[in-house]
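Colleague: Listed here are the chains, written in short residue letters.
2 protein chains.
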Amino acid sequence: MSAYTKSMQELIECFKKMPGIGAKTAERMAFHVLKASSEDMIKFSSVIRKVKEEVRFCKICGNLSEAETCSICNDQRRDKTIVCVVEEPTDLILIEKSGRYKGVYHVLFGVISPLDGIGPEELRIKELLARIKQDKVKEIILAMDSNAEGETTALYLSENIQPLKIKISRIAYGIPVGGNLDYIDQATLIRALEGRLPVAK
Amino acid sequence: MSAYTKSMQELIECFKKMPGIGAKTAERMAFHVLKASSEDMIKFSSVIRKVKEEVRFCKICGNLSEAETCSICNDQRRDKTIVCVVEEPTDLILIEKSGRYKGVYHVLFGVISPLDGIGPEELRIKELLARIKQDKVKEIILAMDSNAEGETTALYLSENIQPLKIKISRIAYGIPVGGNLDYIDQATLIRALEGRLPVAK
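Here the protein sequences come in this chain order: A and B.
With the numbering used here, the residue at position 188 of the first sequence is 199, and numbering never jumps.
With the numbering used here, the residue at position 154 of the second sequence is 165, and numbering never jumps.
Here chain A stands alone, though its shape is the one from the complex:
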């Protein structure tokens, strides 16, 4: 069908399956593999296997880990009484990159989405509730996305956590840092006004 060799065609197909990679980029990436040093590509090939074989999810929080529990859960300096609940490990990593959060995490691995057939039972909510009781958690920070599914999940969680009488907070809505008011949508502006904070003196 094409002037590519069989293995090149297979490699392009592998790249095309990746999120956000179209036919053109997949071809460019396959050519990169062809042109790069054998040493680099043997490393690339083996690191893919290594990720599949060694990386799993932390038994406690759901973060990526090469051991049973992850480096964050194992870190004695982290405050285990504050738990930030996120949708996916990527969200955890994003918050972690900010370098300011000193509590621990809980990954739900999704959000409540009836249209996709995902109810509370499909998420790691039971584990969260058990953890709150067991670890004497004082505060839960809900850091779901700000869309319909994220809001539904946050609401469901807060209703289920409220009986446990601990502090529940939702990450703040507002203007992104560096953001220009001209480009902010109405809904965000209203939330930013509602969530206004006194200026520290």
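Be aware that one or more of the hints could be misleading.
[Said to hold, decoys possible] The list that follows gives simulated cross-link-like pairs (lysine-lysine, DSSO-like), each with its CA atoms no further than 27 Å apart:
#	chain 1	residue 1	chain 2	residue 2
1	B	K35	B	K46
2	B	K17	A	K28
3	B	K27	B	K46
4	B	K35	A	K35
Keep in mind that the hints were calculated from the coordinates and are not lab data.
The model shown is predicted, which means the values in this text are computed figures rather than measured ones.
Given the coordinates of chain A, assemble chain B onto it according to the supplied hints.
Modeller: Below, chain B alone, put in the same frame as chain A:
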């Protein structure tokens, strides 16, 4: 430094080295590897090795091949007396996809570019001249890019092929099919007018 495990970090670095892949996309791709089926990823890993080990360049034309000579050069139905000269194997594949060209190819593996220290000796020009004589080539089609380096290379080639008294042509300049005149630059418009063709009746 990050919440990623060591192998995930390594995998992200591998993806980041690819052309046009930034940090965000590299992370998404690494997560794809993590989430995809083991079967698919073992295949992905092995096909990378296969490409490095098995794919080479055709001894005659420079096309990708798993044997000494490529499927195009081996194809008895292709007209060996018409040779289309291209910069890179990707260009060859692009022309091949159109499905209309029935001649053979010659890949230069670059263009003349004095600023990058690439002269005619660095390209597969000697091989092209030898091939013209040996295979009794009747026509050479110059399909280099339409930029300074491509034009220089086309000029150099046509000067060196002219003494052999064969037909030399350059792929046509003009308005892209489906193109809107409003968006065409002046230089292309001038070339399109100069290269006008009589309308068939």
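Colleague: For each hint, tell me whether it holds in the structure or not.
Modeller: Hint-by-hint comparison with the structure:
Taking the CA atoms of B/K35 and B/K46, the gap is about 17 Å. The hint holds against a cut of 27 Å. Proximity of B/K17 to A/K28 is assessed by CA-CA distance (about 24 Å); at most 27 Å being required, the pair is judged to hold. Of the supplied pair hints, the one linking B/K27 and B/K46 holds, its CA atoms being roughly 19 Å apart against a limit of 27 Å. A distance of roughly 19 Å separates the Cα atoms of B/K35 and A/K35; the hinted pair therefore holds under the 27 Å criterion.
In this structure, every one of the numbered hints holds.
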